[in-house]
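Fit chain B to the supplied structure of chain A, relying on the hints for placement.
2 protein chains.
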Amino acid sequence: MEKKKYMVIFQPSARRGLIEEDTNLIEASRQLGVDIEALCGEKKVCGKCKVRIEEGFFEKFGIQSSRSNVSEWQEEEDKFFTPVQKDEGYRLGCVAKVKGDLLVFVPEEARAGKQVVSKAARDIHIDWNPAVKQYSVEVVPPTFEEPSGDFERICRELERNFGLRDLTIDWHALRKLPRRQREGNWSVTVDVWMDKEIVRVLPAKTEDYYGIAIDVGTTTVAAYLCNMRTMEVLTTTSMMNPQCKYGEDVMARITYHMMNPGGLETMSNDLVEGLNKLISQGCESTHPPKKRKKKKAEDVDASTEPVELPDTTKAEEESEEVDPKKYPCLTTNDIVDLTLVGNTAMHHILLKLDPEFVGLAPFPPVIHRSLDIKARDLGVNINDSAYVHILPNEAGFVGADNVGVLIAEEPYKHDQMQLLIDIGTNGELVLGNNKKLISCSCATGPALEGAQLSYGMRAAPGAIERILIDPETHEVDYKVIGRDAWKKYSKPEEMKTKGICGSGILDVLAELYSSGVIEKSGRFSKNQKSNRYRVNPDTRQPEFVIAWANETSIGKDVVITQKDVRQIQLGKGALYTGCKLMMRRMGLSQVDTIKIAGAFGTHVDKTKALIMGLFPDCDLEMVHAVGNAAGDGARAALLNREKRAEANWVARNVEYIELTVESDFQQQFMEAMQVPHMKDAFPHLEGVVPPEVLHQK
Amino acid sequence: MEKKKYMVIFQPSARRGLIEEDTNLIEASRQLGVDIEALCGEKKVCGKCKVRIEEGFFEKFGIQSSRSNVSEWQEEEDKFFTPVQKDEGYRLGCVAKVKGDLLVFVPEEARAGKQVVSKAARDIHIDWNPAVKQYSVEVVPPTFEEPSGDFERICRELERNFGLRDLTIDWHALRKLPRRQREGNWSVTVDVWMDKEIVRVLPAKTEDYYGIAIDVGTTTVAAYLCNMRTMEVLTTTSMMNPQCKYGEDVMARITYHMMNPGGLETMSNDLVEGLNKLISQGCESTHPPKKRKKKKAEDVDASTEPVELPDTTKAEEESEEVDPKKYPCLTTNDIVDLTLVGNTAMHHILLKLDPEFVGLAPFPPVIHRSLDIKARDLGVNINDSAYVHILPNEAGFVGADNVGVLIAEEPYKHDQMQLLIDIGTNGELVLGNNKKLISCSCATGPALEGAQLSYGMRAAPGAIERILIDPETHEVDYKVIGRDAWKKYSKPEEMKTKGICGSGILDVLAELYSSGVIEKSGRFSKNQKSNRYRVNPDTRQPEFVIAWANETSIGKDVVITQKDVRQIQLGKGALYTGCKLMMRRMGLSQVDTIKIAGAFGTHVDKTKALIMGLFPDCDLEMVHAVGNAAGDGARAALLNREKRAEANWVARNVEYIELTVESDFQQQFMEAMQVPHMKDAFPHLEGVVPPEVLHQK
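Sequence lines, in order, name chains A and B. At position 670 of the first sequence the residue is numbered 670 (full-length UniProt numbering), and the sequence of numbers has no breaks. At position 369 of the second sequence the residue is numbered 369 (full-length UniProt numbering), and the sequence of numbers has no breaks.
Excised from the complex, chain A in its bound form (with noise of 0.2 Å):
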């Protein structure tokens, strides 16, 4: 008898199939081409492959996933997880089998191949001027001549020595002082923000402390854990965004809010619990590697309730000799600020600001500029005192993640004229230069990352990442990230090839056009060279292979079907739309410079992407890739404080397109849907592309 199949979804690489009932899930995720780290070869002993079974209804999925759909806890799972863990649905994926559908996440940490394309920070220009700065002071104890207050005797000596004046201080930072002032024998280290309030006393002299930059995403937010003395970058840390359950994109989650009484706080909350996972994360990384763990469980509470740990634990393993400077094993409460970037919607929903109004034309958002909030009014696990500095939003559609890539990039510094491209789950572009700065939003969707492409995937080893296809055969070649050697060089079983991942999605679209496998419509070519053209029995869509079933280590053809080219054209269509109408409002037929900003940009060939269409015509000499720009803005503002100034100016100095209410919106959509396009001129493509593809109509 045939065994029953069930849907299993595997996040964040979105990867999904059948698969039989009782396949335990690293065998799934083999199935599907998702990397799952198993070190002890399916032994349940080494711990690695931790995974989380989400619960709901994915309506996207049209799937029901529920933890009773995997198969019974096993005593061998007792001693990787917390028992805090366990209620969240974390199993070993060698143990866990699956018995109906699931959604399953892979933690950053059990992913296999590391992540080619990850959110690492970029070694930006960063002036030293942080919004928290850090003083050490010798205090006068009180005496019956001179016995004025606490607070007082540390404003003097601060004044006296840096010249603050006016101070104020947090509840919570003076609640602690008299005791702390006392520990360090009357001398301190005082951490102000903004010149103007205590956040932090600490006893004695201490010179490092530490904040975090954080970007959150529609799908992924990254932290970065930074120590604001040195500037330097401890730590990254990333996750799905937890709210990816109640919507894969912005409008969705605005939709659940308006549908769902109480639904903005539930995102909010699992999002701020997210962040203080995040956070946590990013702490225990600070730790040497075998005290994780013990650390790990003392997270876990803070997590329910903010406590200082006791100076006793820092003292215990300074005694075990622990390297404080490789190792500052920091807790939650040693991060003293906190910068956070996000597009519109995210903002608000963190914010639990009602979005609703901001989905509706014409989209005003609820504020536009930056905002201070106490870390303890947000629920935000780090210090009592600190402060959350939220960036400022430029317009309904481009938000504070955007904000964070202009401050990163300034565009607003130079005379060229610039056009940066911000690609994640929403487009954003701003067109301008030193004298003016246009935004707007365009609805690429996920497509241009890879996502929701039948193999699409994570820039991960065994992706797709170059392509060669023949014009007179169509014959493949191809490179996969993780192995130097092209398929032409390699036997076939040497590629363990997987999927495609977001920049070779390009490149494969793009030789599909060069070599005349698909049309400048995007439909396939009539004249098809190749056995690899086909029309898959079951879904009746044309598709053509890209990787053979032998070549790869699913066992399955990796394909590209009609429909995914139709998603790219969409994604790119909205993006070169996008950067037309912007160009046509500044009077422009050409720019100086492209920047590239997310995931997207950092692996993608940019001669590729102009074959596509991408985005106009330009010396490729003057497109580059930016990285996570938007989190380097985060970074940047959280270590300098001239950068948040700049981020209020510049939010409101950017002028706002929306698109969708130009009268010629719709057709310049269509002819931006060709490959590359119909209409325009491509100057720098000559050459590249052969004269009868790139001319033919």
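Keep in mind that the hints are not guaranteed to be accurate.
Because identical chains cannot be distinguished in the list, a pair is counted as satisfied if it fits within a single copy or across any two copies.
[To be verified] Mimicking DSS-like on lysine-lysine, the simulated pairs with C-alpha atoms at most 25 Å apart in a straight line are:
| hint | residue 1 | residue 2 |
| --- | --- | --- |
| 1 | Lys374 | Lys352 |
| 2 | Lys48 | Lys496 |
| 3 | Lys196 | Lys352 |
| 4 | Lys374 | Lys196 |
| 5 | Lys176 | Lys352 |
| 6 | Lys60 | Lys245 |
| 7 | Lys556 | Lys99 |
| 8 | Lys5 | Lys50 |
Since the hints were made in silico from the structure, they are not lab data.
Just chain B, lined up with the frame of chain A:
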């Protein structure tokens, strides 16, 4: 068989005595001279005689009070109490019977005689310039051409109409902003704190808005609910400081904190809970009487989880034609500002600041300067976004309450040398003028207020407030509060005497001295002329009968004992020593004006006070009672922000003198215990007191 007797103590009057088992609390209160309202004559139908049984061990009284020390709850009581009140120990005085030792608190509303010397607001001059100001603006709705944020839209109008720039907004106010703006059809009323931060957005145009000034005394807490537009005091509410159960005075409470882990939090939380009730009561008093019970229930809900009452409540009442001018029907959410004064220990305990060091030489406070803390951080139930402004402390033992007195009386604005005396549970003195101000604290104890004396009581009907003793016969004539005719012109049974109030105590002592019943040393004279002097057979203490049992409503002689006299001598000695040492510091032999703040000052006979040697010789025309000046100061700071700056200035510019370190303090104190004073000249007493008495050695 004789019935068993138990100690029953009524608060806040501290009247106490042994009461037979099964006596109900109304009867017990009568026997002890405490006034409890009982309109229905103990028929259990009026519900006026509500009292609260306090639980715990009361060290000072040596009793263990418990709710099981009264008879069982009766069905009749159900309709007068909410379940919350029942849990809190509320009972009807006519129902509950004595079954053991009891500490019974009589709430303000159950006290039969209105307190004559109340903490009512005085009519002091205050310029209107509150920290929170209210502005109404019309906002332009967003369009595609101008789709900027809701917040920025309001700010633009506030800047254009009122010149307010660079405003920030409290997060909670921001959360409500989008709906409120649309509810008001783009007309909004905005409350702005210190021209900096928006703390409330209301739909449509509104004129009146409200704040509360609170004086946290060691024993009594008083709240003044003010219309912030008209500056009118709508209502004054007061209660016993709920911390009294942890100790009668400041040092006892500091000790409680040091001896009990978590004691600081407990005391703070109890006070905050008390403040919330006081605020609720204030708001409730703005509702029409017939609606109050219903409102009360809502307020109880609001205190556990602060929610803004739906606007429908107001609409409902308006439809029943309640005059909104007379009954603005406030809820705690309508309170948008709160100022607070209290001595340094009350300040520290409320704010959970470690008070240990305030109690240890050299007594430094944790902080002097004023604090602005979000009410929500403190757990104070007013508007979500409102601040609590806590006035600054002068020194460890001269707190924000004294600063309140100073900004109300403004001695620093005059040439005359003023002596400000604030007598509460602790005495605080300020001496100076526009050139220099010095302050000190003196341990007057509660005796000067009539507390802890054998027949001391609050200034209420039946309390002796004036007395005359014939020097020839030692016969006594007196007057009680609530009756114009003196005893001489009354039948004994008409007097209904109950005890001696604070101001009366001084009168009694002064007359005892002037008539020669006691000597300058405070000892009863050997030369007694009546049978009023006797040695109590039980206590073996000498005592002097002021009112015979048949003149009283308590059926017992009202006496003053040698111990009572000593208590008062200690109090007045501390006060007088403070005054004299301060004058010596300033090089003064005479002051121009004396102002006496606190309930004590309001009804004190100035001449008698001088005879008693309470304060140094002064032209009696220039001795003024200024009522609850500390509360006035809190109100001034509520309604005029300049007063807040003035308070911080004055708190740092009053020089605090620690009296106990003066080398001759002990000698001065011993001398000052004399009546009036052994060595000092009292020219203003010449002709007032018989020369042979005044100049007796």
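Results of checking the hints against the structure:
no.	hint	result
1	Lys374 / Lys352	both (15 Å within a copy, 19 Å between copies)
2	Lys48 / Lys496	within (21 Å within a copy, 86 Å between copies)
3	Lys196 / Lys352	between (27 Å within a copy, 23 Å between copies)
4	Lys374 / Lys196	both (15 Å within a copy, 17 Å between copies)
5	Lys176 / Lys352	between (31 Å within a copy, 10 Å between copies)
6	Lys60 / Lys245	within (10 Å within a copy, 61 Å between copies)
7	Lys556 / Lys99	within (23 Å within a copy, 87 Å between copies)
8	Lys5 / Lys50	within (23 Å within a copy, 71 Å between copies)
When the structure is compared with the earlier hints, no violation turns up for any of them.
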